[in-house]
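Read off the chains here:
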Amino acid sequence: MAAPGERFHVLAQLEHLQSKYTGTGHADLNRHEWLVNQHRDTRASQMSHPGANSFIAIVENESRARTRFNLLNRMILPCGPPPEKSALDDL
Amino acid sequence: MHLYNLTLQTQTAINQAVHGNFSGTPKSQEIVVGRGTAIELLTCDPSTGKLKILCHHDVFGIIRSLLSFRLTGGNKDYVAVGSDSGRIVILEYIGERNMFERVHQETYGKSGCRRIVPGHYIAADPKGRAIMIGAVERQKLVYIMNRDAESHLTISSPLEAHKQYTLCYSMCGIDVEYENPTFACLEYDYEDGDNDPTGDAVKKTQQTLTFYELDLGLNHVVRKYAEPLAEPGNLLIPVPGGNEGPSGNLGDQPDIRCPIPRRRNDLDDPDRSLLIICAATHKTKLMYFFLVQTEQGDIFKVTLETDKDLVSEMKVKYFDTVPPANALCILKTGFLFVASEFGNHELYQISNLGEDDEENEFSSRMQLEEGETFFYGVRPLKCLAHIDSLDSLSPLLSAHIGDVAREDAAQIYALCGRGAKSKLKTLRNGLEVTEMAVSELPGNPNAVWTVKKNIDDKNDAYIVVSFVNATLVLTIGETVEEASDSGFLPTSPTLGCGLIGDDSLLQIYPEGIRHIRADRRVNEWKTPPRRQIVKCAMNRRQVAIAMTGGELVYFELDLNGTLNEFTERKLFNAEVSCMSLSEIPEGELNSRFLAIGTADQAVRLISLDPNDMLTPLSTQNLPSHPESLLLVDTPSEDGKGQPSVHLNVGLQNGCMFRNTVDNVTGAIMDTRTRYLGTRPVKLFRVTCQGQNAVVCTSSRSWLLYHHQRRFHLTPLSYVNLEFAASFSSEQCAEGIVAIAENSLRIIAAEKLGVSFNIQSYNHKLTPRRLVVHPSAPAFVVIESDHAAYTASTKTAKRNEMADDIERLANDSEEMELAKEIADVLRNNIPDETVFGAPKAARGKWASAVSLLSAIDGKVQTYFELPQDENAKCIALCQFSKHPETVMVLVGCGVNESLNPFEDGQGVRPPRGCVYTFHLSPNGDRFDLLHRTETPKPVSAIHDFRGMALVAFGNMLRMYDFGQKKLLAKCENKIFSVGWGL
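So the protein sequences, as listed, match chains E and R. Read left to right, the first sequence gives residues 1 to 91 (full-length UniProt numbering). Read left to right, the second sequence gives residues 1 to 981 (full-length UniProt numbering).
Bound conformation, chain E alone:
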């Protein structure tokens, strides 16, 4: 198991960050994961800023509540299902 000093090891710190802040990248991040995080961050920001929410509502001609609901739904699977895991990933 981890030696006492290893808690402050870079990797451990990164792991801590990754668990604390959803969306923090890591060395093995693939293209899909990165894109999904970008999309989720963007959608969350758009629905959280009242002005951005209104802007989208006007463009789409929907109510603000509907726009917010749509943005939340689009956070679920923003870029479609993840790609098949290939055996090469684990190498």
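If you're looking for bench data, these hints aren't it; they were derived computationally from the structure. All C-beta atoms, glycine included, are put in the ideal place defined by N, C-alpha and C. A hint or two may mislead.
[As the list claims (entries may be wrong)] Here's a subset of chain E near chain R, in silico, CB distances under 7 Å, partners left out:
(1) Glu15
(2) Thr22
(3) Ile58
(4) Glu60
(5) Asn61
(6) Ala65
(7) Leu72
(8) Met75
(9) Leu77
(10) Pro82
(11) Glu84
Put chain R on the given structure of chain E with help from the hints.
Coordinates of chain R only, in the frame set by chain E:
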């Protein structure tokens, strides 16, 4: 650190609104609204129903959520604010100081509107024991609220209720009486979906209604259980009382489900679902009900039937239609506040609860076939009565600032609103005034005053009007009539008049002073021969006059009510051009200062203290001749302590100086200058909201008043005034009587704090852009809406629907009925400005081009584009072939889709076109010349060297004018994407 500026017009949208008793006054209710970057407290006067902004506070951040909560046994509500600061903030409104005080501010995360930093949702336990604050994803924190020995609100350190990979849709606190506080959240767990390449997991995952319980004994939060929902919900509404858990809408109620009824014979796209956008709960000791609003603006009244502790039935009934709202607040006084998502915010009075009308009531017990729903018909307001509205410029799509209407001051033409409720608003900098009365006078008066008969009177008794060689006295009553028994000298002009002592009147005229006692005895003081009074100043006990030659005479009222001249007279080197006495401070006998402006361009402050009577205290040299002076007291902020004295100086060059006078030494400090107009500035004292205010007249009239702890100097949106005085009568408590040319006008400024006078004109579709006619006061506006039908499509659809009904009828009796319904359908078109325009499917467009007059907002020419063409850009072009005519070019997209990846391209590839119109030189019409097809939607057009530069896709093309269409001259394809020019 310096505050760089504050905006003149603050944000007008209301994103959140909560109500409660924030002031602590028993039985009162106020509304706290979040206006983006500012928090405001509104009150609604229960007798008049007028909304008033009590307190406005900039927060220099973004307010994301508001919550009002009350500790158990408390009598005052607190406001909890979720913002982009990464902190939870608890505010308390302090009525005496008229401000919000920050009770707690606890940091929990990074700043900014982020995905996992809480602040988006906030909910409280109904008993006020705990607050949950949540983020869009993952994080939820619970704070325990309590009070200490001094009954101050205390806040605990946060307890975490995080869950990875979980989106939160809505949050509310559940009424569990005094058991452990419980919160309900609508959640979606996307972890499985993220790890499943086949995409099946997402389809299988259901939204859950998750309950979080705060264990007060163990001081931690547990995720108690999660109930999967058959259909996704979007909003949780807490149900008071009992332990039956939350009721949601859109089918997210676990046990009882009632579909949202739909409008009968609606032109809306039938595939659209209907969403509840906001809700309000009203609760009394005996009953409770909910008002829920759909996207179309229709409000339903929802009531629950309970069987012991379980809900057995949900009843839904159409209530009324109001603008779609961000928040609804039902006040105990029977008012409904609607914070519209777009457009003006409205206040309605609930005139009946819709209990015994003929409206259909739908119940969750009624059996419905799969895919069927309830239907109702819309109607004008029946349960609500419109009372007041708050102007809102949101959403502001485009604006033009300029003096288009040729009024010497710029106007702002703002394109506001959305869809059928959109408007062109003309903003003029100025305070809106209400005109109470206008009456013509014989000849042009010079001055006007109002006089009370007795110190205890609330209202004024006389209006005194001075002419060149006469004085007219009018009595104020039901009507204003000439008075004969006032005791004033009618054959001479008046320089000043007013109430002196408790019940005597004083008139100062060029030859003397006339002191009229209550019993009609008259004492006169005459000027020495061949000397005349030029200026005067007076208050309730003191009178100062200046005679020709710069001689100052001072009088004081003694205890018997007689006016005594002070033994000394004071001589100035120059003529006195204006003077002012401040009002007597409360609890004192005399005012201490007399301000005198002299022709040698100086203002002197003179002491009236018995110890150093008539000694000059301070002098201010001026750049121009002083025209008018006014000493005004402003009470200190908390109403205690000495008021501050301000010396206002109006100059002949049109400037006004505003100084603060030191209460003790009389030193003149802190001078502020403002240019008011081209004419000499005159100043008059009036009353606004129980405080002193100043009317300043120059080439424009201005009002200087103290509002929400700040001085405002705002021009009046009214005819130019020459002389003014305060006015108070039964009908109008705080008015202004003023002279403009040969008329006497009574006006009142009610909308204090508003810097723009707004006029609005309706639009049919969302206005997008405007161009100004080069020579005439007119605009050309393009308007377009996504998911909308053009007027002709709507008529066609309506007729089609009516024909269908007629065709489906079988026998003659049915035929007659069908014909009737079809006729109603064809002819009774619901007012779209009230009920909204029908929504079409995605990818449908409606657009129009209109020419408006800038003076009266009238639509001169209206050109509707065919269905599915959206006007995107507009430009005025002068082609070198026709240098004297101006053409309007409107660039459009045809069959465009907002999101080609989702909506599916390929079926109808988007194209574009440019419409060319000829604009008449006097701005009264435009005519279509031709339409030019382009291969892609047009994104920008610009006039360029006698030709038009048109951008579409990644191309830039130059067009010249042709007879049948525009002629492409050259193009370039370098740009990756063409956006704007």
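Hint check results:
no.: 1; hint: Glu15; result: violated (14 Å)
no.: 2; hint: Thr22; result: holds (5 Å)
no.: 3; hint: Ile58; result: holds (6 Å)
no.: 4; hint: Glu60; result: holds (6 Å)
no.: 5; hint: Asn61; result: holds (5 Å)
no.: 6; hint: Ala65; result: holds (4 Å)
no.: 7; hint: Leu72; result: holds (6 Å)
no.: 8; hint: Met75; result: holds (6 Å)
no.: 9; hint: Leu77; result: holds (5 Å)
no.: 10; hint: Pro82; result: holds (5 Å)
no.: 11; hint: Glu84; result: holds (5 Å)
The earlier numbered hint that this structure contradicts is number 1, and it is the only one.
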